[in-house]
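Protein sequences, first through last, are from chains A and B. Its first residue numbered 1, the first sequence is counted upward by one per residue in full-length UniProt numbering. Its first residue numbered 1, the second sequence is counted upward by one per residue in full-length UniProt numbering.
Simulated from the structure, these hints should not be mistaken for laboratory data. Just so you know, not all the hints are guaranteed correct.
Any copy, or any two copies together, can satisfy a pair, since identical chains are not distinguished.
As the list claims (entries may be wrong) - Here are the simulated lysine-lysine pairs, DSS-like style, with alpha carbons at most 30 Å apart: (1) K243 / K100; (2) K76 / K422; (3) K77 / K248; (4) K481 / K558.
Here are the chains, one letter per residue:
Protein chains: 2
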Amino acid sequence: MAPHANADVEIEPVTDTSSVVVIGPVQTKTVHPQKITIDHVMHHRQTGTAVPNIVAAFASPNMFKSKAALGKPKAKKSFEHRLTEESKSRNPSSLKEAMKYYRAGTISLCGGLPSSEYFPFEEVSAKVPVAPAFAEADTATSGVTVSSGKYDTVRDGKSDLDLAIALNYGQAMGPGALIRFLTEHTEIVHDPPYSDWDICLTAGSTSALEIALRMFTGRSHYVITEEYTFSSAIETVVPLGAKMLGIKMDADGMLPGELDDVLSSWDENARRAPKPFLMYTVPTGQNPTASTQSLERRRQIYAVAEKHDLFILEDEPYYFLQMDPFVSGRTHTVPSPFKPAGVSDFLANLVPSYLSIDTSGRVLRMDSFSKIIAPGSRCGWVTGSPKVVERFMRHSEVSTQNPSGFAMVALHKLLDENWGHKGFLEWLMYIRAEYTRRRDIMVNACEEHLPTEVASWVAPKAGMFHWISVDLTKHPLYQAKGGNIDYATLLEIEEAVFVSAAEQGVLIARGSWFRAQRGTDTELFFRATFAAAPAEKIIEAIAKVGGALRKEFGLPQKQVQNGHAK
Amino acid sequence: MAPHANADVEIEPVTDTSSVVVIGPVQTKTVHPQKITIDHVMHHRQTGTAVPNIVAAFASPNMFKSKAALGKPKAKKSFEHRLTEESKSRNPSSLKEAMKYYRAGTISLCGGLPSSEYFPFEEVSAKVPVAPAFAEADTATSGVTVSSGKYDTVRDGKSDLDLAIALNYGQAMGPGALIRFLTEHTEIVHDPPYSDWDICLTAGSTSALEIALRMFTGRSHYVITEEYTFSSAIETVVPLGAKMLGIKMDADGMLPGELDDVLSSWDENARRAPKPFLMYTVPTGQNPTASTQSLERRRQIYAVAEKHDLFILEDEPYYFLQMDPFVSGRTHTVPSPFKPAGVSDFLANLVPSYLSIDTSGRVLRMDSFSKIIAPGSRCGWVTGSPKVVERFMRHSEVSTQNPSGFAMVALHKLLDENWGHKGFLEWLMYIRAEYTRRRDIMVNACEEHLPTEVASWVAPKAGMFHWISVDLTKHPLYQAKGGNIDYATLLEIEEAVFVSAAEQGVLIARGSWFRAQRGTDTELFFRATFAAAPAEKIIEAIAKVGGALRKEFGLPQKQVQNGHAK
Chain A
1 MAPHANADVE IEPVTDTSSV VVIGPVQTKT VHPQKITIDH VMHHRQTGTA VPNIVAAFAS
61 PNMFKSKAAL GKPKAKKSFE HRLTEESKSR NPSSLKEAMK YYRAGTISLC GGLPSSEYFP
121 FEEVSAKVPV APAFAEADTA TSGVTVSSGK YDTVRDGKSD LDLAIALNYG QAMGPGALIR
181 FLTEHTEIVH DPPYSDWDIC LTAGSTSALE IALRMFTGRS HYVITEEYTF SSAIETVVPL
241 GAKMLGIKMD ADGMLPGELD DVLSSWDENA RRAPKPFLMY TVPTGQNPTA STQSLERRRQ
301 IYAVAEKHDL FILEDEPYYF LQMDPFVSGR THTVPSPFKP AGVSDFLANL VPSYLSIDTS
361 GRVLRMDSFS KIIAPGSRCG WVTGSPKVVE RFMRHSEVST QNPSGFAMVA LHKLLDENWG
421 HKGFLEWLMY IRAEYTRRRD IMVNACEEHL PTEVASWVAP KAGMFHWISV DLTKHPLYQA
481 KGGNIDYATL LEIEEAVFVS AAEQGVLIAR GSWFRAQRGT DTELFFRATF AAAPAEKIIE
541 AIAKVGGALR KEFGLPQKQV QNGHAK
Chain B
1 MAPHANADVE IEPVTDTSSV VVIGPVQTKT VHPQKITIDH VMHHRQTGTA VPNIVAAFAS
61 PNMFKSKAAL GKPKAKKSFE HRLTEESKSR NPSSLKEAMK YYRAGTISLC GGLPSSEYFP
121 FEEVSAKVPV APAFAEADTA TSGVTVSSGK YDTVRDGKSD LDLAIALNYG QAMGPGALIR
181 FLTEHTEIVH DPPYSDWDIC LTAGSTSALE IALRMFTGRS HYVITEEYTF SSAIETVVPL
241 GAKMLGIKMD ADGMLPGELD DVLSSWDENA RRAPKPFLMY TVPTGQNPTA STQSLERRRQ
301 IYAVAEKHDL FILEDEPYYF LQMDPFVSGR THTVPSPFKP AGVSDFLANL VPSYLSIDTS
361 GRVLRMDSFS KIIAPGSRCG WVTGSPKVVE RFMRHSEVST QNPSGFAMVA LHKLLDENWG
421 HKGFLEWLMY IRAEYTRRRD IMVNACEEHL PTEVASWVAP KAGMFHWISV DLTKHPLYQA
481 KGGNIDYATL LEIEEAVFVS AAEQGVLIAR GSWFRAQRGT DTELFFRATF AAAPAEKIIE
541 AIAKVGGALR KEFGLPQKQV QNGHAK
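Isolated chain A (complex conformation) (with noise of 0.2 Å):
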């Protein structure tokens, strides 16, 4: 139950009911010389800083870093000349200001945290796999059920983290055990090369972007972004008046030489808007084209952010599910026979993140558990500069609080005090193969079934989404319209492939949906999703995408046996 015994535990336990919450400067202890990694991390742990375990304790990454992470120079910048006047307005809240007052013995009348004695769950517990045995199969006969009760921590010194903490009212970062658990993760995998990085965990990515553009973008402003995006990204952006900017890509993503040439040349009279500052990014199995950025292209990327002085959100879902190449006819078994060998080769052969190449502070990572471990989790966190961090943490007080106290105490649970650091990479590698696997079986099912005549693709390199191309040129209606299509011709012709599959019993996912800058589409795109329908389903599927494609452009109907062409 609790591998990671709490022995120093050096603020002074007090019950539950005494709505505590505690800000201010924290004693660390003993901090370790090295960087923190997958072999040392529990070494680390248990010579390091024990976890504040009342209720409400404010906790903060720097009292879990090591030495070496401490010891870099801090970000250069704060980014508060680029805050919105909404994020610089928010104060902290008047009855946690309070707390500074609040000593070992006091008793709080102060904040209106409910007793625990009413909160009807003594425990909870939740049936998981055990590392590396993570199939369903596994899971019933040779899973493991763990269990959080309602006094663990303070009465029972059995966890870090229980239902008394869990189930009230925390600060907006999160409960320590899970700080501790995502600084630890944020050194063995990033390494952001300065100290004074900080973490707020969020209710979800979605949650997390809405918060982050209310920070940054005000009404009128562009938002960079690659030409097509996250469509719910380019939902959230409209009603806050502003708009997203498209940069053109290729397979590897944002093309910085065009990104820098659209800043460079900005003019803002004719724009009718300022020259863009944020920029959105999916650096990894990018939603919804699959392109993956190459350590070579972050860098030319984030020179030119550099150069304008930008602010990047790197949103990165996906990040995990970086896959081995394609290779035509074959499908990846799991676990995979190929590399990575093991956790060290496979967090070796990461693209490495925006985060770890970032000096400045002008990265804010968005992580989440959604495509990792369940979307139901509704939580992930965020990882950036201490101001910026400190600015969300104050929207998350008057919004979304913290995720739930049932999530953090699931996960909690599952990925610190079951699997660990390397359980949890392990977990990673596995449904890393899941996606690899069923990529193939896509890829391969389009390889048969559409017509190549008309539809072209690269295979993805990371990712849940297969970005399918049509050659509008082959159309009849262009060759009817003597080599000029207009938009709502494209739309006309998009609609028609997408009702033709509907109406044989597939949904896809149309390219104009995911248009940056809606209304200037000039090439036909399909985006095909490989995480949700069973293996069987998706040949199924996409042979009928196949079917649809040919009927309306024209092209003879492929015969079908058994699933297969002949």
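Starting from the structure of chain A, add chain B where the hints point.
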């Protein structure tokens, strides 16, 4: 596990891996002719529409209302004319709109919903009390374990909500199982006078309030509220560039005559703001004053709202914590030997809500599980007219999405499958009795330990807070200044009392933190909560507050022995 057998599933179940989102008209079956009541809710349910139990299924209260509810006139107004540009400009998600093409058997490659195969939670369980043995000690002996498996719904037919649904993405309003429970609850408790009320789950009322404010409040607007109001609400309004407009109040809450006067005489030029139309109110156990509006007061305020076309945000976290009157020297026991005798009596004695008197659709009621189950649920719900709730959902889609699936499953298992409506109301009676006992302890302690020469109060009739008025004119500084005290001096005295109490180890909240219009205080108040600290600590703390007041007001200290004043 599933007392409410789901024999009549009308929407064909599909595997959860098909990423289904069903939007559109829903067939209702037999509709019960009478309003839903505690006595026949289960009969109504068994003869009514089944819960749509597929991933991300659309649900609506209209599926579950009684014929009596559906037969009422519709809400008179839509309140579109009060929406901000931001709210009006929200469009439904492209991906979700596409789902109108979804038919039974359709394979969706459209939405990026991960397969539930990769959720590493096979089952979650919770140990919970059985009604009416609610105390912690009883749960240890007579509590039960409720469990939710991954495929209880479609594959095993055991429940209306399982992990495959709750842990995936869902619709903004929440899963059908919870919409059904809350629809029944709404008819049982509020029975709104119009037919087309809608419900959307929220990530708690702090989040709901922020969304509602963005729906109705522009920069430079005023938001009408009580003279003293929830500090977090003030802190949410300020960054929006808006201000609170505090209306004078008494122990029955906001004064309708004052409200009418302020609005009738509003001068847009002098005020440099449009005439206010949004009201934020906590009608029951108001934070911080504990004032509770009588039905008569609510009707008067509603009439003013009709006259000036106001929209009302009814924030009701403490609605069910309505108490028996305080009797000096007496402490209510738990369970209470006083009324209510049972759930019908309990319901009959609750002051009716604004929702229950609203014919125009001008009320958005915000309920929360925070104060009645646990804050860490981060789950609540809003109820209101259909256009308003629809706009709320559009915003939720690009921010919180919906509450955590872990919380939703826990609440469903506890409220629906274990307690049922009767058990839930019995639970509310139980915690109401517990908070009544705590209220009694605090008010009796105030009678014993506070200097009544300067301190006065009205015993709270609801909620979690006690509001203590302190007579500034008795302070030496007032005397020294010849009867004139400016704001700075008021703050100085307030801070001195606060710090003096803090130095003795007690934190209380300062009245000025809650002043709707900051800087306009003319009286001195302190707020003390009886929710958090254990009973004996409450008495000790109030004794120390008494000591601090005596010290600062130059009154002789009382001698205290064994926690009792001599």
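Within, between, both or neither, where K77 and K248 count as close if Cα-Cα is 30 Å or less: Within. Shortest intra-copy distance 29 Å satisfies the 30 Å Cα cut-off; inter-copy 46 Å does not.
As a check of your reading, is K481 near K558 (CA-CA no more than 30 Å) within one copy, between copies, both or neither? within (27 Å within a copy, 96 Å between copies)
Is it within a copy, between copies, both, or neither that the alpha carbon of K243 lies no farther than 30 Å from that of K100? Only across copies: K243 and K100 sit 27 Å apart there, 42 Å inside one copy, limit 30 Å.
Since the copies are identical, ignore which copy is meant and state whether K76 and K422 lie within 30 Å (CA to CA) inside a copy, between copies, both or neither. Classified as neither: same-chain Cα gap 33 Å, cross-chain 60 Å, threshold 30 Å.
Hint compliance for this structure: hint 2 is the single one not met.
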